[in-house]
Structures are given as C-alpha cells and as structure tokens.
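Asks: Residue numbers (the numbering used here), protein chains in the order written: chain C, 100 to 602; chain D, 113 to 475; chain W, 34 to 449.
In case anyone wonders, no lab produced these hints; they're calculated from the structure. Quantities reported herein were computed from a predicted structural model and do not represent experimental measurements. Errors might be hidden in some of the hints.
Stated by the list, open to error - Label pairs and their calculated CB-CB ranges:
(1) C:Gly108 <-> W:Ala442: 52 to 60 Å
(2) W:Arg445 <-> C:Gln185: 47 to 55 Å
(3) W:Leu216 <-> D:Ser269: 25 to 33 Å
(4) W:Val425 <-> C:Ser203: 54 to 62 Å
(5) C:Pro493 <-> W:Val421: 22 to 30 Å
(6) W:Asn224 <-> D:Pro287: 48 to 56 Å
(7) W:His135 <-> D:Ser269: 29 to 37 Å
(8) W:Arg433 <-> C:Ser305: 49 to 57 Å
(9) W:Lys406 <-> D:Pro287: 28 to 36 Å
(10) W:Ala442 <-> C:Gly494: 48 to 56 Å
(11) W:Tyr404 <-> C:Arg207: 52 to 60 Å
(12) D:Trp319 <-> W:Pro201: 31 to 39 Å
(13) W:Arg356 <-> D:Glu424: 38 to 46 Å
(14) D:Trp319 <-> W:Trp258: 53 to 61 Å
Claimed, not checked - Simulated crosslink set (DSSO-like; lysine-lysine; CA at most 27 Å straight-line):
(15) C:Lys112 <-> D:Lys324
(16) W:Lys386 <-> C:Lys213
(17) C:Lys408 <-> C:Lys482
Where a beta carbon is used, it is the ideal one built from N, C-alpha and C, also for glycine.
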Amino acid sequence: MPNILEVSGVEKKYPGVIANRDVSLLVREGTIHAIIGENGAGKSTLMKSLYGLIRPDAGTIKVFGETVNLKSPQDAIALGIGMVHQHFKLADNATVLENVILGSEPSRFGIAIKYGEARKKLLEIAKTYQLDIDPDEQLANLGVGERQRVEIAKVLFRGAKILILDEPTAVLVPQEVTELFSNLQELVKNGLTILFISHKLDEVLSISDEITVMRQGTTVATLTPAGTTKKALAELMVGGELPKPIAGALVVSPNSFLTMKNVSYSRADGREILHNLSLDLHGGEILGLAGVEGNGQSELIELVMGLLKANSGSVEVLGLDASVTHTKDIRNAGVGYIPQDRQRDGLLMFAPLWENRILGHQFAAPMAKGVWINKGAAAEDSKRVVTEFDVRTPGVNVLSSALSGGNQQKFIVGRELSGNPKLIIAAQPTRGVDVGAQAIIWDRLMKARSQGAAILLVSADLEELFSLSDRIAVIYSGTITSVLDPSKTTPEDIGLAMTGANH
Amino acid sequence: MRRSRIFWGAVAPIAAIFTSCLLMYIILSLRGESPFELFKLMVSYGFEPRNLVSEINLTVSYYLAGVAAAIGFKMLLFNIGIDGQYRMGAFFGAVVGAAIDLPAVLHVAVIIVVAMIAGGAWAAIAGYLKVRRGVSEVISNIMLNFIAAAIIAFLLSPKLLGSLPEGSQNVQTKPIPASGQMPTIKIFEGEVYSVFFLAIFVGVAYWVMLNKTVFGFNLRATGLSFRAARSSGVNAPGMIFVTTVLSGAIAGLVGIGTLLSDTHSYSMAFPSGFAFTGLSLAILGRNHPVGIFFAAFLWSFLERAGQVLEFEGIPPEIVIVMQGTIVLSIVIAYEVVARINLKQQQRAVGKVNAEVLAEVEAK
Amino acid sequence: MSTTTTPLTTFKRKIKPLVSSPARIALLVAGLLFILSLVELLTGFSDISSPGTSSATLRFAIPLLMAGLGGLWAERAGVINIGLEGMMIVGTWTGAWFGFLHGPLVGFIAAGVFGLLSGFFHAILTVKVGIDQAVSGLAINLIAAGGARYLSGIYFPPKGGDRTVSPPSDAFPTFTIPGVSPLLERIDGKNIFFISNIAGILNGVTKEISLVTIAFLLIVPLTSWIMWRSKFGLRMRFSGENPMAAESLGINVYRIRYIAISVSGMLASLGGAYLSLVASSVYREGQVAGRGFIGLATVIFGNWKPGGVFAGSLLFGFTDALRIRQNESVMALIIVAGIVGALMVLYFLISKKWKFAAFSIVAALLALLIYLKVDVIPQEFVTVFPNVATLVVLTFLAQRLTPPAAAGAPYRRGSE
C-alpha cells in the first residue's frame, strides 16, 4: 500500500519550549494509524501542522507523494485531509444537515441552497460508511457519540480521504467507543485513512494497524500491535530513567488532612466524571496525582475546594465537609490553592500585584481587618513574596498582566504558601516556568512538607511527580486505579497505569 | 509604565470632547453660523450665576445616576434600569414622606431610606432574573422601566395616591410637610439643594466601599475575573445580585434633590432620561467618583448653556447630539488605546520569550 | 451579555417545539375566535371583531413588526441591537421630511437608505472597533433623538411656532380587494354567530390596505426564506449560534455581521417611516415612543423566528389598538382570557401537569376577579402589556426559548 502521508524532519518551536523536534511519520493508505504519547509529547502540535492550523519551522509534509505547504485548514481540506476536533464545532440550534454543509453548501446561483441535493449526498455518505445519522434531527437532541458522527460526516462531506481524530474517545462512554470503532473500520474498508491520537493503550492496540509513539516532541518508534506489548509501549512513552525522589525523610502525621471516600461526580448533562474515587492525604507528605489531562483532575480539585458538590461519597478537608462548606471557609481553615489555569483562576490580570496578593485571602487577617482591606499589609507581604520567590517585577504596583507567565506563577505560589497552610493543592505548579523558578518552587513545596503540610501535587510532568512525591496516585477515567511508590516504580508501571492498561 | 497609563487615561476623554467640538464646529459652520461666537455665548451664559446654580442642582442628580451606573459597571452590569429605579424611589419617597410626620432630620432620613429601598427592590427583580434565569439585565431592565412608569402613572390618579391641587392640571402626590423638606443654600441669587452634600457623601462612600472594604474588593474582583473571584472564595452569583440592588438603591436617590428641595411632591413632570445620562457619565468618568463629578458638571453645563442657542435660532437639542458623540468618541478612544497597549505588551513579552528560547536552545 | 445564558448545561434533553405545525396553530386560532364570538354574543360587546379594531391592529402592528424583524436580523447574526429605537427615529424623520419634499415613495427610500447607514455605523462600531454592543446602541439612540429634534428645528417651517411636527406628506395609495369587501360587509351585517365575526375581522384587513403594509408583510416570508433556504441565511444563523465554528469552516463572520446589522437598521428605519407616512402623515416628536424596544420584545416573544415576531407584533399591536377602543372591549377580552384559562386548567389536569394547572387556575381566577371588581382597566396597564408579557415569558419559559447561542457575546476573529 502506498504512503498517503509522509512527514519528515518536522520541527516547531514556541517561546520557551520545543514542541516538535525531528518528527517523522509514514502513514500507509487505507490503515488506522495511531499516535500515542503522554502530555506534552507533541501529538497536538503535529496534528495542527498536518491540518494547516500552524506552520512548522522545518521539515516536509508530503500528501499522496506531493510535497505540500499548508497555510490554513482550507488548504488541508482541499487536499482531502479532515480533522475531527476534540471540542466539537457545532451549533445546537440547527439540524444535522445544516451543521454538515455549512461553508460548502451546494447552491443555485450561489444564493439558494439545494437542500435536496445536499440531503441526498449526506444520506449516501451515511449509507456507504454505515454512519447512523438523521439529516433532519436537531443537533441539540443528540448525545456525544452522535455529535462525533456528525463531525465525521462533516469531513466526509468535503471529500476527506485522510481523517485525523484528536483524542476521540476522551468524551465517549464504552458503548459509544465500540460504535466509533466499527464506524472507523467501515471507513477504512472504503479506502480511507485514519490518524488516531490517543493515550489509551487498550483501545489503540485493539483498533490500529500501526502505532507511532511520540515522546518529548519527537517520534521514537513505529510498531504494529502484533509486534509489541502494552509494557513495551508504556516504556517507550515514558522514556528511560525516572528521577529519584529528592525530598527528605518522611514524617507523616497520623491525621488525614484530606479524605475522599467513594466520591462520584456527574456533570449537569449527565456525564459521569468521577466514579467511586477514594484518596487519603496526611500532613507531612506529598501525594502526587498522575494522569493524562481530562481524566477528572480538574473536577477533583474543585470538589476539594468546595466549588463543586459531589453526587455521592464524602470529601473531608481539614475536618470540614467540603460539600456544605463555603470555599472561603475552606481557605480560611488553612488551604492553599495553586490553580491549573493561573491567568483565569489565579489572578486578576488587570489589577496590581498587591491586590493579587489579597486574592484568596481577603476573608481573614492579615490581608483584611474586619470589613476593611489592609493595603499596608498586602503591599508589605507582596514585597516579601517578590523577594523570596525571585519574582521579576519593577514593583508591587504593576498590573499582574505585565509579568511573564513564569513570574506570575512564582507570585501565585508565593502567595498560596504564605500563612503556613496546612493543605496545599498544587495543580501544574511549574508549568511554563523556567528551570531556576522551578527549583525555587520545588524547594518551597518540600519545605512546606517538612513543616507538616499536606500537599496534593497534580501534575502532567512525570519528572516533577517523581522528584517530589512520597506516593503517586494514578487517576484514570475518573477513578484512582493505583497508588505507587515512586522509588520502586518503573516507567512501564506508570505508563500502564496512566493509560488504563493495567486492569 | 504607570505614567503612560495616566497619560492614556486622560487622553481618551480629552480626545473625545475635542472630537465632539469638531463635529459641532462643522455642523454649525455648514449653516453659516460662527461656531466660535456661539461657543463663547454658551460659555458665558453657562457661567452666569443663576444658571450656574441650576447647573449645580442638575449635576447632583446626574452625579447620583452616574455613581449608580458605575457600581453596575464595576461588575460588568449595564444598569439601564436607572430610569425605573429612580422613579420608584422618588415616587414612594414622596408618598411615604407625605404620609408621616416626624421631627425634621428623622423625617428626611426616612424618606431617603424609603427611596433607596424602593429603587433597590425594583432593581432586585432584574437581579434575580439574571442570577436565577440567566436573563440579560439589559432586556429585563428595559421592560421594567416601562412597567415602573405605568404602575406609577396608575397610582398617581386622584382616586389612589395622587391629588390634584387647585388650579393645576398636574396630578401630584400629596405634598411633603416642612419637616420632610430639605433646605436650600442661597448662593449667587439662586438656591442650591442641600442634597449636594448627600451626593458628596455618596461619592465618598462609593469610593471607600470599593477600594477599602472587603466587600468592595470582592465586587471588583468578580467584575475583573468571575472565575478567579470564585476560586478565591467569593460567592460570585450572590455578588451580582447584591450589586444590582445596590446600584438600584443609589438610583432611587436621583430624584431626592428635586423632591425635597423643590417640588415637595412627585408628578409626571419629573424629568426622565437618567439611565442614558448615568451610563454615559460613568463611562466618561471611568467609574471614578471624581471623574463622574466632572462629567456630570459637563453634562449639566452643556444642557443649560445650550438653551441660549435657542435665541440664536439654533435648536438647543444639538447639545444632545454632542453628548452622544462624546460618549461614542470616548468608548472608541478607550478601545483604540487598549489595542495599542496590548500590542505594546505583547511585543515586550515576545522579547522576554525570545530570550528564554535562546536559553533553552543553548542547553 | 446575551439574552439568556443556559446555566451550565451544554447538552439539553430533547427540546419539544414550543409551537408545532401550522395546522395546530390554525386550530388554536379558530378556537380562540370561537370563544371570542361566544363572549361577544353573550355580553353584547361587539367591538373586538369589528373592522375598526382589526385595521387598527394592523396599523399598530406594522411598525412593531419592522422593528422586530430588525431586531431579529441583528440577533440571528449575533448582535443585540439596542439602537433599534434610534434607528426608528431616523426613519420617522427622514421618511416624513423627504416624503414631504418629494412624495411618500421617496420618503420610504430615504428612510431605507439612512436606516441602512445607521445600521452600518453600528456594525462598524461593534464588529470592527469592538466596543460594547449596548454602549454603541445607547449612543446611537441619543444621537438620533437629539439629531431629529435639532433637524426639526432647522428644517421644519414654523407652524404657529410648533417645531416638533413636520409638514404633512401625501398618503400612499391603498388597495382594496375588489368584490371581497362589500361581500364581507354583508356577511358581517347579518350577525351570524362566528361567521360574521370572522367576516368583520377580515374586512378590516382587506379594505383600503396601504400598499406599504402589504409590502412590509411580505418581508416576513422573505426573511424566513432568506434565513432558512439561502446560503447567506445559513451562514448568518451560524454567526449567531457558533461564530467560531463558522470561522473554522472559512466563513467571514465579520462581513456577515456587517450586512445583517445594516439590514437591521434599514428595517427599523422603514418601520419608523411607516409611522410618519402611513399610520399618520406627519413626524411628531416622541413618535416612536419605545417601539424600538418593544421590537426587541417581539423577538423574544416570537422565539427568534419571523413567524413568531409577526405573531408577537400582531398581539402587541392589538393591545395597542385597544387603548383607543372602548373599555368594554377590554372587559370582553378579560372574559375570554378567563375562559381560556379555565380550559387550560382542564387540559393540564388531564395531562397531569399539576404545576401548570395550578398556574392556570390562578390566571383564570384573576381574570374573574378583575371582571367582577374592576370597572375600568387603566390605560397604562394596557399600554404596558407587551413589556409585562415579555418579562413573564423570560421568567417562566426561559428553558424553552431558543435564542441564538452567541447573541450579544463579544467575538474577535481568530480567538478560540
């Protein structure tokens, strides 16, 4: 079978990070080719390059043997490449047919849409590829799996020969996954090629014809399911050596500062995000939470902070029942929170730094004196944070938006660690931060630990998890699948656990 | 960096006023008038003592409307319901004021409180709909404005809460006795409402609340970033509701000056249009108590001074066009400035990132 | 700001359409008319189904319809047009002035052109410059109102000192369906139950209808066709539902919004011109009187569909017309409302929707109470009915409404 897609030597650099480095890929026509890797492996960047959303800095992409230069998604579509996004681009208040044909409507004189012709074409596609869709159904009435089929129909309608699916099973329940896979097999039977990005080893092994592993921005190996095992794949994904923990001796308090027992949480639309989740965190230890993003970490954190209410099970934070306690009371009890999205959840971008020092601490001393804000104390302490955490800023009256991402993060960490919190929720605490700053943050976290604080470290960075954690819990599909000892865990173990392949 | 912010912050309003003047110049010149002469006339007329006095009184009402709007704006709420809230406040203040009899200071205090409660309660309807049903406060407030006017017009009939004094065609509420009236200050052969001091108090209280209290911090935080405020422990939806009510309460005070120092009763002749004015002033004054004051004075000056144009055969309503243009120019200017600032920042961040990238590559 | 924001729900359950097939609608209308005829027979108040009322209804409805369609075009493309009021004022003034100078046809054309320009102005401000939609609308309202008064003072010849009324324009030709009108009158005269009532109503809308009215009414099906059957319409609707999705498929959302908002201004302006050229023959200061905002209300009431906007404008036009009719008519309507309420109670009890049944009982009892206790319905309440109705719909039916999902939300090209 000829190579329908050839990628060689592709490179893409962003400020502070090399997203793709010497990427090579050969995809044969009429196959399902999976690309696997953990967070930050560079899969998304590669897909965006293939779809014309970004332009690589170096390297070549050949489609059907011809070198191409993709400047926009329209170019990609014209070449027969179609992308099914992870976040659907659909309008609820329209029919399936309308959603599919938007932008490529068959029309009379360019004015009136030929709905009859469009409907016929869509039904033909549905029949050929055995896609179960009803052109006249209102999109709002469709479930997630059905919506994904509409997105697939969208690219097929435009004559796609290569389909790129970005983490397609992330939003599906097992039944819908089965339906999706049978659809994909039908597509391949008809000569289409599928590029399938995922981190779920089981699925990938069951459906693909070839698997390419990416790690740290580059492609490390291409194998067939028959010629490899889960363990081997997991090891390839994670790499060789894992760092040894650098924290000092473990002195754990008998008290549990955070207890989650059989917690289940479903979103408003009915999708279950967390399922029977339990974990337990004591003072004086760092519990790392490993897992690919999207497996329930954000919801877990929000449950602990009292921002969401669990549907069942119990969440106890420093002795308080998180489901009935206001977030501000949870914070006042001694919880520090370093949010994952620092600009949206951690800072007031258009406010000065000293006001950002108050954020999260405005309900108690020293930032507040009764009903009054204590500006003096805030400014004082901001200066302390700036010095201690080496925040590069001309002063504390500067707007936080003027600081670089790394410095913003340093400030937030400094803020959340002040006041000696008993429980610290640190989500991606060193994301986008330079090496020096990372060292400072790690140092402070370990200091807090040695002073008896309990730390929940949620991170996509395995190096960070392994360097700091006393125990590592792995979250997959909304539940804790294993709790590991970092000093005794091999790359395979963690890889398997994170990709759900070990049960 | 700070200096440039102040610079740009002042440039926008000045540029706006300048643009409007330019526009007026063009319009007037086209008619063969001499714009400079007319401007001079307006300025001298506007600063005449008795006109100055009525301008000050007008400024007070406008100022309160502006502060009410500003409170809303701090939470990204567009309180176009000031019209209805003001009427409710003035009306019920008048009715209750006429129905009770208390020693002077207490009497006035009660009227003020009633006016604030009436305005706040009316605004609460829109607030509730926004928080519980996600209904845009703009749409609901527009509807509520009309409904308020209708309810009051209905209640104002002689059979209900209104009365028809002899020789007058104008139905009013029963007059408020002397103990419920607020004195005026005789300046320049005119009478300035003592409500002036209430307005100053409101302005100061607004500023203090916003910048010095935890509540004010939470309010501003929610307006700056709903999510960050929520993560920090603020009850964001509750904040939205409270802010709406607060804004309505202040709006309820807009008519107090006229009510307690001038007419002593409410009638349909009470002026309207405070919503547009209040919103414009808050935008012009950048939600700052002093800025709003200057904007309010500018507005009342234009209105009063504009009257002299009539004697020159020019419809005074050109002043309204001028006001509209000022608002527009200001908002456009802010937007343009924001874009420039953003580009500057991005360039600066880009430079830093390039340095970091060089570091990474060197590894 | 958007009209309604769904509280955290992304995927709704099956949405039952608020109003189903045309057949059902026709049945409902017939049923209402039947009840009305009954009430008229029993009480002797026959004014409601008279030609006078129906023609007045139409006359009041058209400006609201145009404002509503203006609001619809803008909101379907994603922009809430608060400046409709100002654009209507532009229409009333330019229509009257140019109508006076060069005849009503030129008046309408002028109104259309100036309305288009004001809409385009609003579009540039909100789409290109990116200022807040409400602020832009506000400014336009101010400038239009002040501008109209200013220009009146300058251009209108003083008529006994009154510069707030324009000189009159000639009327637009009217149209009567030949043969039908006398026939309807005869049927009406015969006082046959139900048939005569319908004849009376129809007579009002077929006798001496201004050509403009007919033209404007045709805009409703035209709008419907454009929005659901044309390429532009589909893209416009997506600009209002999910502009990011449209952009990802190569659609220029900015350009679509420019066009839609310009059309919005044009329609509102034409509605204003109708006020000063057809509904009356002069421009009068304060003529628009909030109709631009009622236009926004009809969009909500009509669930963002042209047919719904039409129905809403008819309803509001009807209540507007009632203001100048006798009070007995209003009373008769209250009785009709009461009967309808009673029937709804039965319907809901049978279909076991207890909450709705309770509401209906309250409504029916309220109607009864008003009929028995109140002599005269205050005019103000009749005038403000559209506003109350809209608020009620927003409060209780928010879940069933389907506004364009991105209406009112700021949008910048390339943002994700």
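Asks: Does each hint hold? Answer for all of them.
Replies: Against the structure, the hints:
no., hint, verdict
1, C:Gly108 <-> W:Ala442: 52 to 60 Å, "violated, 42 Å"
2, W:Arg445 <-> C:Gln185: 47 to 55 Å, "violated, 22 Å"
3, W:Leu216 <-> D:Ser269: 25 to 33 Å, "violated, 45 Å"
4, W:Val425 <-> C:Ser203: 54 to 62 Å, "violated, 42 Å"
5, C:Pro493 <-> W:Val421: 22 to 30 Å, "violated, 56 Å"
6, W:Asn224 <-> D:Pro287: 48 to 56 Å, "holds, 55 Å"
7, W:His135 <-> D:Ser269: 29 to 37 Å, "violated, 46 Å"
8, W:Arg433 <-> C:Ser305: 49 to 57 Å, "violated, 43 Å"
9, W:Lys406 <-> D:Pro287: 28 to 36 Å, "holds, 31 Å"
10, W:Ala442 <-> C:Gly494: 48 to 56 Å, "violated, 36 Å"
11, W:Tyr404 <-> C:Arg207: 52 to 60 Å, "holds, 56 Å"
12, D:Trp319 <-> W:Pro201: 31 to 39 Å, "violated, 54 Å"
13, W:Arg356 <-> D:Glu424: 38 to 46 Å, "holds, 40 Å"
14, D:Trp319 <-> W:Trp258: 53 to 61 Å, "holds, 56 Å"
15, C:Lys112 <-> D:Lys324, "violated, 46 Å"
16, W:Lys386 <-> C:Lys213, "violated, 42 Å"
17, C:Lys408 <-> C:Lys482, "violated, 37 Å"
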